[in-house]
Structures are given as C-alpha cells and as structure tokens.
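Top to bottom, those sequences are chains A and B. Residues in the first sequence are numbered consecutively from 77, following our numbering. Residues in the second sequence are numbered consecutively from 245, following our numbering.
None of these hints come from the bench; they were simulated from the model. Bear in mind the structure is a predicted one, so any value in this text is a computation, not a measurement. Among the hints, a few may not be true.
These stretches of chain A come out as covered by chain B in the derived footprint (C-beta under 8 Å, 3 or more residues) [what the hints assert, rightly or not]:
#	region
1	182-192
2	287-293
3	381-387
4	390-398
5	409-416
6	427-434
DMTMM-like mimics (lysine to aspartate or glutamate), calculated; alpha carbons at most 25 Å apart, straight line [to be verified]:
#	chain 1	residue 1	chain 2	residue 2
7	A	219	A	143
8	A	219	A	235
9	A	244	B	281
10	A	219	A	147
11	B	319	B	393
12	A	244	A	143
13	A	219	A	145
14	A	219	A	109
15	A	241	B	281
16	A	241	B	282
17	A	244	A	230
18	B	319	B	386
19	A	219	A	249
20	A	329	A	249
21	A	244	B	282
22	A	396	B	359
23	A	329	A	143
24	A	219	A	111
25	A	329	B	281
26	A	329	A	145
27	A	329	B	393
28	B	319	B	348
29	A	396	B	281
30	A	241	A	230
Partial list, computed: chain A residues near chain B (C-beta under 7 Å) [stated by the list, open to error]:
#	residue
31	274
32	504
33	505
All C-beta atoms, glycine included, are put in the ideal place defined by N, C-alpha and C.
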Amino acid sequence: MAVYIATGLSVAFLLMLVGLTMRITQAGWISLDPEIFYSLLTLHGAGMVVSLLLCGMGGIWYLVRREVDMDIRLAWWAFGLIVAGVAMVIAATVVGKFGAAWTFLYPLPFYNPTWPNWSIGSFLIGIMVITAGWTVWSLQILKAVIRRSGSLRDALGWDMVFHAKQFKAAGREPLPAQMLPAIVISVDGMVMSAGGMVIGVALIVHWINPAIPLDTIWAKNLTYFFGHSIANFIIYMLLAFVYVGLPRYTNRKWNTNAVFVVAWWGTMIFVLTAYFHHMYLDYAQPLILQYSGQVFSYMSAVPVSVVTVYGGLMLIWRAKVRWSVGSIFMYAGMAGWIIGGAGALLDASVPFNVHLHNTLWVPGHFHNYLLGSCLYFALGWVFLQAEERHHQRSSPAMRWLIGVMVFGGTALFLTGFYVSGAEGVPRRYMVQPDPGQGLSALASVGAIVLLGGLLVCLYEGARLWRNQSQDGLAGLVNAGSADGAGSANGSPVSTLEAP
Amino acid sequence: MNTQGLVLVTFAIIAMAIVALFVVVALTSRGPTQRLDEVSTKGYALRRWWFAILSTTLILAFLIMIPFYPYGRSKSSANENAIHYNIIARQYLFEGLPPQIPVDTPIIFEVYAADVNHGFAIYNPDNQLIGQVQAMPSYRNELVMTFTEVGQYSVRCLEFCGIGHHLMGGSFTVGEGND
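For reference, chain A alone in the conformation it holds in the complex:
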C-alpha cells in the first residue's frame, strides 16, 4: 500500500511546515493573527496524527496481505473515507479557521466561537468520517488475521502461552511477529472507534441543538479515550516494520514466543487504559481512576522496554549488521521510543504532572514519539524498500549527512520543548512568557535542520529507488569516499515485493 505511506509521509511533511510556522511565530520571527495561529494548531494536531496513522495502516495492511489474501477494495474504501474526512478537517481549519484544537474539548468548539458554525460540523463530522475509515480497516485486518490463524484464540496466541507443550508437540508454528500488532491494534481500534463515535454523535447532537448539554467530565473522558488511543496506535503499528525490517538487516529472526505474546496482551489493555493520565488535575474524576492512570501508564512501559526494544537490541548485539539509512532509522527509532517513554513516564507521575501538565513538556514527549520514533520507523521501511530494489545502500558520507541533520535537528527541536516545559512555559500559547521565545527560536532552528535532512532523505531515497548514479548531491557527498554507494552487500536477496 504505497499510496497509504506516500500520502501519509507527504501530508506529514506539509504539516511539519505548518508546525514550523507556529514555532517561528512563537519565536517572534513572524507575526500571525491569533485566529490563524490557533486554526493552524488545530490543523497540525489533527493532520499529523492522521498522516502518520495512514503510514501505519498501510504498513500493517501490506504485511498482513503477505500472509493472507485481502480484498483491496476495502483498503481503498478505508483510504477514501479517511481522505474525505481529512478534506472536511482542512475545510474547517483553513477556510473556516476552526481553532478549538484537535482535542475539540467540549464545550469550547461551541462557546463564543470565532469560527463559523458550519466549520464546527465540518471538523467533527470529518473526524467521524476518518474514524469510519479506520473502522473499515480494523475490521478487515481483524478478519484477515483470524482467517490466517484459524481462530481469534489462535490469533491471540493463547495456546502458545497456556498449552505450550501441546503447541510444540503438534508442530504448530508461532505467528510471525508482525501479526501481533495487527490483531492487537485492530481489536483495540474498534473499541476506540466505538468510544469516538459516541462522543462524536453526542457533540453533533449538541451542535444541531445547543439546548441539549453534555456532562463536561463525561465528554472529556471520552475525548481523551479516543485521542490518546488513536495517537498511541501509530507507534505500535509502525513497529511491525521493525519486526520485519531489522531481521533483514541482521539476518536474525525476531522470535515470537510466549513472553512476546504476553507482552502484546499487556499492550492491548494498557494502550486503552493509560488515557486516565490526561485527567489527573480534574479532581471531579473518581479517585480510583487517578491512581489507575499512573499504574497503567507505568505498566505500558514494560512490554516496550523489556520485550520489544530489548529484543531489537538482541538482534543487533554482535550481529553482522547491514548498516544503511534504513537500518539506522529503525534502530534510532527504538531509542527515540524509549527516550520519549522516559519523558512520558515522568509526566505520568501525578506529583510531577502538577508541574508539567499542559506545559510544553507534553508536546515534547509526544513529538519525541511521533518524530523520533514513528517517523523514523516509516522512513526506515521506505529506505529498506529503496535499498533492496536494486541492492544498493547509501555511502557512509550520505548516512552521516542524513544522521546529523535528521537526528541533530530532532534533538535540538525536542530540547526546545522539554526545557520550556520544565520552565513552566504553557503549551498552546501563541505568545509565550519567558523563556519561551528564546527556546522557540532554538526549536525552530532544529526544525529547519530536520526538514532539510528530510529533503536530503527524499533525494537519496529517490536516487536509490531509481538506481541512479552518483551525480549531483550524492556525488558531492561521496567524493573521496572509498565506500561509494551501489555496492552489493552480500546479504540474501530480498523476497520483499515492492509495495
């Protein structure tokens, strides 16, 4: 599903430019009307989540289809619904200047709005149409994985865990690693869709008839259940690329064993229940849910760090690794996940949250995930495809150039967020109190370097894909380099089809 990934990455790049526009406004380099700034904020938030979600959806669809036949028309339906929803969101924010943030927290979209009434409906219905597309995809993936495994019980690896001896004695093979994110996200995805549709319908009813009020804490719970879950699904879906890609780069298999399966069961629960950490400072929330928020947030770190990332490190340890832009991105993405996770765990600790809640620490940690992990996983996969197409990889000089620009730019960009957050600079402020403006300038420099690095990636990726010679930028970068690109690396021939 190249269309999913290409669309996702293209839209993500454009929305990064929107993000940069916001950061340079906060740095004081340009001036914007608040109506425009906050509508861009809304567009950026909603759009980045959906664009990276598309990358993950395309990846999972492709990897599952390698195991079992699936009707491509349903994938197109899902894509079409999501594109239609995105168009409605763009209309609402760009044309209508809808600026209630992507969290559309009731009653803000409706109260004393500076945006036209139609834009509220366009945004909310757009999000619901996107959710409908997501649901079509989830249902298809769930059905496919069950068909491949034989039953839901087998798809979840039940016998591997509870009847291990009989499982082995019967000569049954564990599912490929990438099938676990597929089943877990499709199951959780439908639960999330249900919650999202309930709050969506309720908000639409209120939009049509403002005399019908909603309970604010009920609405906030559902909004964050939906928003937190859909954002978190992205990284778990894109992880499937690493489960398939890293073994290709190391010639080592990623084991699907009982521990691996139990870790995914944990993820299936924790990704839906950790959202309570968004409600810590709403004291009307039942106390048991406040405690649960920290407990589930902490527990969600365990499968990631003990099983997935640790497993990835084991694949690399003393292996003959084919280091290339693709493998470096996948590897760095795992580091980015753990670092972002550390930032998240600190913020998910209630006594610290009192000082970090709704400061720039919050976008710090989720940009750490989305840029420093999700985007890297997606780019890693794209480069894997490009490298294996003609059995080429980039020169060391090109790898260094991309590494310095992308990783260095990301680090600078994220530093601006984290330090600002620790200094109490609020999030979602067009004009920031000190020391926000200076740190926004630092972050803007980082973003510009990062975007430059992504353009270099685009150039180099296209060159590898077309099997082009070392002209232009690649020639400049490789000049004098002993290990020019284009040499076969001796790894087994890839059997991956080009998407």
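For this one, chain A is given, so just place chain B on it according to the hints.
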C-alpha cells in the same frame, strides 16, 4: 533545584544513558559475531534481571509518590483553618483573585469555570510553576497551597480556551499579615 528542574535533569541523564547504550550495542556489530542462540541464552537471562529492576523501580516509585498526590488535601486537619477563595475562570480572565494573600497560611482556591475548560496555574516570583488545577464547567476543583515566599505571583490559564488563551492571566501578592 525545584521539582521540574529535578525532572529535567533526571530525563536528560536517562536520555543520554539510552543513547550511550544504543551506541555501545551498535558498535558490537563491528566486532566478532555470535550466533543468535548464543546471544539469546545470555540475553534472556539478563532480561529477567532487567524486568525485575524495572518493575521494582516502577512499583516503588508509585508507592513513594502516593503521599504526594494532591487529592483530598482540603480535608486534612492541617488545612482546617485555611482561607478560602472562590475563583471563577471565564474567557479570558480569572474572577475572584485576591490582591493580597498572607504568607505561611493554608489557602484553598475553589476553582470553577463559567464557560469552557480552563487551567488555574500559579507561578512564584521566580516564574516557576508551583501548582495548578483544572477549571471545568459544572464542577468544582480545589487547589490547596501555602505560600512561603513573599512577592508577586502570577496566574496563567493552562487549558486551551480559545484565541485569547495566551492572554488570560492575573496576579496577586503574597505578603505578611492578613488581607
């Protein structure tokens, strides 16, 4: 160093340690190789320790933090004689902010929202965020504070509330004696 400074330093140390770990592991790919089954035997044994250390750390951290949770503080006997202030947050101001608050005195801000969700966040004279609570329509939230430093404090809205969000704030002075 304040709490958030400590958090930032802790985070920076963890981040650098993770980068160092990943670099060290990556460098092993330049040395002699091992079969995966050899790596797995030692790796899984080490993982049990990692799981035990991580789980213990998280459990202890959670238990240690519980006494520092902000919930129910108004019911504590230490705050029996607290001074109460009703704060109403609305686009884009905080009504009910007192001009002066006595130092070293338990204070309970009872925070309401008249229109949309807001955040009531207090910054000390050094511009450090020392406490906050949400302001939600139809619900009452409490923020219990004792100010130990005299000076000018500022209040900012920390929950996005519309295009005037960044302009919403106020201030009060903490001084000796009653207001």
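Verification of the hints:
A stretch counts as covered by a chain when three or more of its residues have a beta carbon under 8 Å from one of that chain; for the region 182-192 of chain A and chain B the count is 5, and the coverage holds. With a cut-off of 8 Å between beta carbons, the region 287-293 of chain A has 3 residues touching chain B; three or more are needed, and the interface restraint holds. Beta-carbon proximity to chain B at under 8 Å applies to 3 residues in the region 381-387 of chain A; the threshold of 3 is reached and the given coverage holds. Residues of the region 390-398 of chain A lying with their CB closer than 8 Å to a CB of chain B number 8, which satisfies the three-residue condition for coverage.
With a cut-off of 8 Å between beta carbons, the region 409-416 of chain A has 4 residues touching chain B; three or more are needed, and the interface restraint holds. Against chain B, the region 427-434 of chain A contributes 7 residues with a C-beta closer than 8 Å to a partner C-beta. That satisfies the three-residue criterion, and the hint holds. Between residue 219/A and residue 143/A, the direct Cα distance comes to roughly 13 Å. Compliance with the 25 Å bound is thereby established for this hinted pair. Pair hint residue 219/A plus residue 235/A holds up; C-alpha atoms about 19 Å apart against a cutoff of 25 Å.
Restraint check for residue 244/A and residue 281/B: satisfied, since their Cα atoms lie roughly 18 Å apart, inside the 25 Å limit. Between the alpha carbons of residue 219/A and residue 147/A the distance comes to roughly 11 Å, so the proposed pair stays at or under 25 Å and holds. Taken as a hint, the residue 319/B and residue 393/B pair is honoured in the structure, with Cα atoms around 24 Å apart against an allowance of 25 Å. Using a Cα cut-off of 25 Å, the hinted pair residue 244/A and residue 143/A holds, with the two alpha carbons roughly 21 Å apart.
A C-alpha spacing of about 11 Å is found between residue 219/A and residue 145/A, which places the hinted pair at or below 25 Å, so the restraint holds. Annotation: proposed proximity of residue 219/A to residue 109/A is violated, straight-line Cα distance about 48 Å (limit 25 Å). At most 25 Å may separate the alpha-carbon atoms for a hinted pair to count; residue 241/A and residue 281/B meet this at roughly 20 Å. Straight-line distance between C-alpha atoms of residue 241/A and residue 282/B comes to about 23 Å, which keeps the hinted pair within the 25 Å bound.
Proposed proximity of residue 244/A and residue 230/A is supported: the alpha carbons are some 14 Å apart, at most 25 Å. Between the alpha carbons of residue 319/B and residue 386/B the distance comes to roughly 11 Å, so the proposed pair stays at or under 25 Å and holds. With a C-alpha separation of about 20 Å, the suggested pairing of residue 219/A with residue 249/A holds against the 25 Å cut-off. With a C-alpha separation of about 14 Å, the suggested pair residue 329/A and residue 249/A falls inside the 25 Å cut-off, and the hint holds.
With a CA separation close to 22 Å, the supplied pair residue 244/A and residue 282/B stays within the 25 Å bound. At roughly 61 Å between alpha-carbon atoms, residue 396/A and residue 359/B are farther apart than 25 Å, so this suggested pair is violated. Of the pairs offered as hints, the one joining residue 329/A and residue 143/A holds, with about 17 Å between alpha carbons and a cut-off of 25 Å not exceeded. With a CA separation close to 44 Å, the supplied pair residue 219/A and residue 111/A exceeds the 25 Å bound.
This hinted pair checks out: residue 329/A and residue 281/B have alpha carbons roughly 10 Å apart, not beyond 25 Å. The hinted pair formed by residue 329/A and residue 145/A meets the criterion: a straight-line CA distance of about 24 Å does not exceed 25 Å. With a C-alpha separation of about 60 Å, the suggested pairing of residue 329/A with residue 393/B is violated against the 25 Å cut-off. Distance restraint check for residue 319/B and residue 348/B: the Cα-Cα separation of roughly 18 Å lies within the 25 Å cut-off, and the hinted pair is therefore satisfied.
Taking the CA atoms of residue 396/A and residue 281/B, the gap is about 15 Å. The hint holds against a cut of 25 Å. The suggested pairing of residue 241/A with residue 230/A holds, with an alpha-carbon distance near 15 Å, which does not exceed 25 Å. Annotation: interface hint on residue 274/A violated; nearest CB of chain B at approximately 19 Å, more than 7 Å. A distance limit of 7 Å between C-beta atoms decides the matter here; for residue 504/A the minimum to chain B is near 4 Å, and the interface restraint holds.
Hint status for residue 505/A relative to chain B: holds, with the closest Cβ pair at about 4 Å, below 7 Å.
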